[in-house]
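Full structure from sequences and hints, please.
Sequence order for the protein chains is R, W and D.
Heads up: the first sequence begins at 1 in this note's numbering, then just goes up one per residue.
Heads up: the second sequence begins at 1001 in this note's numbering, then just goes up one per residue.
Heads up: the third sequence begins at 2001 in this note's numbering, then just goes up one per residue.
You may find that some hints are simply not true.
Distance condition first, Cα-Cα at most 20 Å in a straight line; then the derived DMTMM-like pairs of lysine to aspartate or glutamate [stated by the list, open to error]: (1) R:LYS37 with W:GLU1166; (2) D:LYS2096 with R:GLU73; (3) R:LYS210 with R:GLU73; (4) D:LYS2096 with W:ASP1127; (5) D:LYS2193 with W:GLU1172; (6) W:LYS1004 with R:GLU92; (7) D:LYS2096 with R:GLU131; (8) D:LYS2096 with R:GLU91; (9) D:LYS2167 with R:GLU92; (10) D:LYS2088 with W:GLU1072; (11) R:LYS93 with W:GLU1172; (12) D:LYS2088 with R:ASP106; (13) R:LYS167 with R:ASP106; (14) D:LYS2088 with W:ASP1127; (15) D:LYS2156 with R:ASP176; (16) R:LYS43 with R:ASP65; (17) R:LYS84 with R:GLU73; (18) D:LYS2096 with R:GLU33; (19) D:LYS2167 with R:GLU131; (20) R:LYS29 with W:ASP1002; (21) R:LYS216 with R:ASP107; (22) D:LYS2096 with W:GLU1072; (23) R:LYS93 with W:ASP1127; (24) D:LYS2088 with R:ASP107; (25) D:LYS2200 with W:ASP1002; (26) D:LYS2156 with R:GLU131; (27) D:LYS2096 with R:GLU92; (28) R:LYS93 with W:GLU1072.
Note that these hints are calculated values from the structure, not bench results.
The structure displayed is predicted, hence computed values, not measured ones.
The residues making up each chain are set out below.
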Amino acid sequence: MNTFQMIKAILVLTIIGFIAAFSLSFMNKLTTEPIAKQNQEKKLLSLSLVLPSYTIQKENTVTIDGQPFTYWEASKEENKVVKKAWAFIAEEKGYGGPVQSIVGIDDTGKILGFTILSQSETPGLGARCTEIASNKTFFDHLFKNNGSDTEQIPWFQVQFIGLDINKPINILKKGDWNSTIQNILLQQNAVTAITGATITTKAVTLSIEKGAQKLKKALTLHEVKQ
Amino acid sequence: MDIKILFTILISTIFINNYVFSRILGLCPYLGVSKKLDSAIGMGLAVIFVMTMASFFTFIMYKYVLVPYHIEYLSIIAFIIVIAALVQFVEMVIEKVSTPLYQALGIFLPLITTNCAVLGVAVLNIDSGFASQDFGLLYSVVQGFGGGAGFTIALILMAGIRERLEIAMIPENLKGLPITFITAGLMAISFLGFSGMKIF
Amino acid sequence: MNNYFKEIFKGVWEKNPTFVLGIGMCATLAVSVSISNALWMGVATTFVLIGSNILVSAIRNITPSHIRIPIFIIIIAAFTTIVDLALKAYQPSVYKSLGIFIPLIVVNCIILGRAEEFAAKNTIFNSILDGLGMGLGFTLNLSVLSIIREITGANKLLGYQLIPGMKPALLMILAPGAFFTLGLLLWGMNVIKARTARFKQTE
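Structural data, given as structure tokens:
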């Protein structure tokens, strides 16, 4: 290859690279706003899910043990008494990657709501933590039969509501959750594991326990400052 | 830093999340080169080398070029160019330095650019959130090495089986790819046995 | 008119990427866990395929031949990034469930293979038809695999339960099920081919 050909090749590749980068930066500009909007909407939706009937007061991000920790303060008025609640982001390594969730607790330490933000667990096993238990079949859907579809929150996430974060959260293996075992689980402060995906379940309970400890630290830090 | 984190990454990329049997990555070279044992070993070594180097360079590219200038959206282009250049460069160096090594690996190197396991590990390193961690570079290099090693193990096992299959009595229509896929499925089942394994 | 149909149809049958050419396996196997995944992946890949085919064909006369591969790769990577950003912005749930396999469209051998083999030698219009046909073939393969795997592995179709109370064969939705399904389908294809060949001979 002579010098002229080499210079030509470099020039052509540089021009193509420039055109590609330029058009992509344009595309990026187009999509930045929708992506930010999606994330914002998702955050608000999950906050309203985990803190039902509360209003969010403010969002805080503090550094605990060298890592950023985000939590929200919320409150509501009930019989002229202001009740406080908090929500925080919990994260722990699951089987296929980090499992990130958002947890809402009230002032007594009871979990008000729990929803998983992102996970990359195995389909059919750990990924069932976001599965909505539905009795509606494909044929019901096909014939516009509404069936008995009432559940909107995934069963795995429902069972966390009402648990006490001041006590350790136990894991029982009772098969899939249903409303009949709800009381047994609540008495033992436990959840039932997803069949074949105990690691995912453990990651979730561990992340909640760790997150709750971090929240306590963050709140004491906050009080000291004031 | 914990040494055990490195071990966890290594074991889980080699066995639990094996690139071929669990993540289903890199199938084109896996099916193409697993006919003979010695070429499988050559390809495997080349893939380990390129995946380790690619993890190193793409991570540096992402953390110190793309993130500071807020051009993360260019990461796909940047990664594929880095990988292609790396493969080209490795090929030239090996050719100059060692002729026997070049004869052993040379023909496999160009194939590696389009091996999706290499781009896969570059993307997975970023997805795993290594970029924001203190020892992220080390973690990604270990993940790259483990991915390559897992691919090599899968490739060598398969080549051993396929050499035997050549002389086995198989129904005419099952010969070639169909029986290879069914064998791969059986091997994937045995690799499923590693799932749920707890390290430390 | 007949010619155009032939151009599109060859990707579906005669040069079917998965079953005849044996390329683009990773995406075919990994993404075929559910029909919605399969269709979205098919749409994304077809878009990149048509886009890169148009551009490659448009610049085919001014491309220096010794650096054509890097040029093709940059073009394909640019289109993949466009798909990646668009899905992230407008279909976040699809983006999440396809995950790493969206950036991996770049290394799908079908796209580079068609750019090199067809688009670099043919007119823009024919390249569009070729991309459309190959994309259709790819989507069809993905759909066939995913229908089998979703029904057997999850007892679901389009995300809805099929037979209440029936436990699915989990294996089919995991990686081994992908290998088995494709192996058995390839076997079936071989049987059909052998039968038709014998039939033609006796005629």
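Honestly, which of those hints from before does the structure not fit?
1, 2, 9, 11, 12, 16, 20, 24, 25, 28
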